[in-house]
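Between the sequences and the hints, there should be enough to build the whole structure, so can you do that?
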Amino acid sequence: MLYLLVLFLLPFYVILSVTFGTLDPIFQSPVLVWNPLRWDTSILSFTLSNLTHTDGIYYAAFLRTIAYVVGATFVCLVIGYPFAYFLARHAGRAKGLFLALFLAPFWFSYMLRMLAWIGLLQDQGYVNRVLQDVGILGAPYPFLSGKSWVLVTGLVYGYVPYMVLPLYAALDRLPVAQLEAARDLGASPARTFFRVTLPQTRQAILAGVIIAGLPMFGDYYTQQLLANTVGTRMIGNFIIDSLDVPIFVSRGSALILVLMALLIVPIVYYLRSTTRAARERAA
Amino acid sequence: MSVKASTGASRRRLRDLITNPWARPRFLWVIGIAYVAWTLVPVLTAALFSFNSTRSISLWAGFSMRWYMSDPNESVLHDPDLRHAVLQSLKLATGAVLLSVPIGVGFGLALDKWRGRGSGSSNFVMLFSFITPELIIAVSLFLLFVNPFRFVGLGTTAQLLGLVLIAIPYAVIIVRARLLSLGPEYEEAAMDLGASPVQALWRITLPLLAPAIFASAAVIFAFTLDDFVMVKQLAKDGSNETVAMAIYGAARTAPSPAVNAIGTLMLLTSTLVIALAFVVFRRSARRSGTGLGAEREALPV
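As you go down the protein sequences, you meet chains A and B in turn. Here this note's numbering is used: the first residue of the first sequence is 1093, the next is one more, and so on. Here this note's numbering is used: the first residue of the second sequence is 275, the next is one more, and so on.
For the record, the hints were derived by calculation from the structure and aren't laboratory data. Be aware that a few hints might be false.
[Said to hold, decoys possible] Simulated coverage check for chain A against chain B, where a stretch passes if three residues somewhere in it have a Cβ under 8 Å from a Cβ of chain B:
hint : region
1    : 1156 to 1165
2    : 1200 to 1209
3    : 1237 to 1251
4    : 1282 to 1290
5    : 1349 to 1363
Note that CB positions come from ideal geometry on N, CA and C, so glycine has one too.
See the structure below:
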C-alpha cells in the first residue's frame, strides 16, 4: 500500500509541482515548486488557452485525438461485439480453438503487430500488390504517408482484443434459458437480441469501451509507426516530445494534467458502476 | 480485405438472417473466421519475413536463416545491440515477476481480509492505476526520477520500479478472484482444527492459491516482456534498450528482417510461458476441484 502511495500518488504531485513551477532563469529547465501556496498558474493557463482557442498549438491535436479515439473505440465495438457473440454462443466445438486464437494477440508484442502492418502496407507490400492484381488499384496506394484512417484502423487493430474480452465474459455468462424463453414467448431473433441480450451486456460494453478506449489517449507510437506526419499528431505525441526540450517540460506536464482531468470522469464512473454491479451480483 | 470481398455474400446472409433464423450461426461463423484471420495473418506474415533472404520485409525472396544466425553482422545472434536488447527484456520481465507477484499476492490477501476503513480506497487507487493510460504514469515517474528522486535516476532500476508498479494490479486481481471463488471455509476449518492464522495461511491458503500465483506470474511476464511506453520513458541510454524499443526504433527508420526475427523469438518465448502456465493452472485447478467459472465471475468487468 505504501508502495502504491509512493509510486502512484507522489508522481501526480510532481506533475502538479512541475506544472505550477517556474523556469530556471539560466538553464530554462523546470524548477519544482512544492508549496501549493506559491504555485504559478501561468503555464497551465497558457496550455489551456492553446487548447481552447481555435488557433492554439494544441487545439487541433486535441480535437483530433478525441475524434480518433472515439472513432476507433466505436469501430472496436462494432467489430468486437459480433465476434464476442460468436465466440460465446455459436463457436460450438471449436470454441476452445477460437478462444486460444483470440487470446493470442495479448501476448504478441504490440510493436511486432504494427511492424507486420508496415510490411504489408508498403508500396511493394502484399496489400498493394493484391489490390493491383485484382485491378482495384492502378498504382500503389500510399497507406503509410500519414492517412488518418490508416491510423484509426491501426488503433482498432491494436486495441480490439481489449473490447472483446469483457464482452465475451458477459455474453458467456448469459443464461441460455432466458433467450429460449424469449423465443418461446414469440420474440423474433432480432427482438430477443435487443430486448434480452443487449440490455444485460450494458455493463460489459462500458467496460470494453473503457479498457479499449482509455489507453488510446496515451498512444503515440501507433501514430509514429503508421502515419508519421504533423497532420495526424495526437496529444500523446505532444506530451512525449515536450519532454525532450527542457523549457517545454512544464507544458507537457500541464497537458498530462488536462488529459487526466478529462479522463477522470469516465474512470471514476466506470469504477463506481463496476463495484455496484459486483455487489448486485453477490447479493 | 476478406470482409470487403464478401460484402455481397454477407448482404445475402443478412437477408437470410431476417427470413430464416437457422442461417444465423453461418453468418456469425464468417465474422468469427474473418476476425481471427484479420488479427493473426499479419503477425504470421511478419514471422514469415524473418526468414527472408533479402533485406525487404515486404518482398519475399526465399527462405534463409540469415537474420537469425548466418549474417555475420546483422543477425540476432551476431548483432550485439539486438542481443543486449533480448537480455534486457528478459532481465526486466524476470525482475518484475519476482518483485510484483509477492507484493501483489500480499496485497490481494490483505484486501480480502481487511474490511475496515481504507480498504475501499486502496482498492480504488489500485484499480485506478490499472486503467489510467500508461503514458500518464510513465511520464509522471519520469519527472519523479529526474527531479526529486534523483537518487533513483533513469536506467534499469527505474524501468524495473515502473514495471512493478503497473504489474501489481494484475497479480492482485487474479489472486482476489481466486480467493473469492475459494471462500473463507478452508481457512476457517483449518483454524477450527487448531491451526494458528499464520499456519492456516501457509499450509492451506497459499497452496490453494498456487494456480493463481502461477497464472499471475505468467501474465506479468508476458506483459512486461513487451512493455514499451514505461520502459522507453525510463531508459537512460542504449544499454537500457529492450526488444520492443528496438522494434520501434527500427520500424521507424530502417526495418530489417532481423527485427522480425527478434520479435518472432520473443513471441515464441511468451507463447511457451503462457502455454506452460495454462497447463499447470488447469491441472492444479482440476486437482483442487474448482473450475474457472467462479473466478471469471469476480473479474472486474
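Hints not upheld, ascending by number: Numbers 1, 3 and 4, in rising order.
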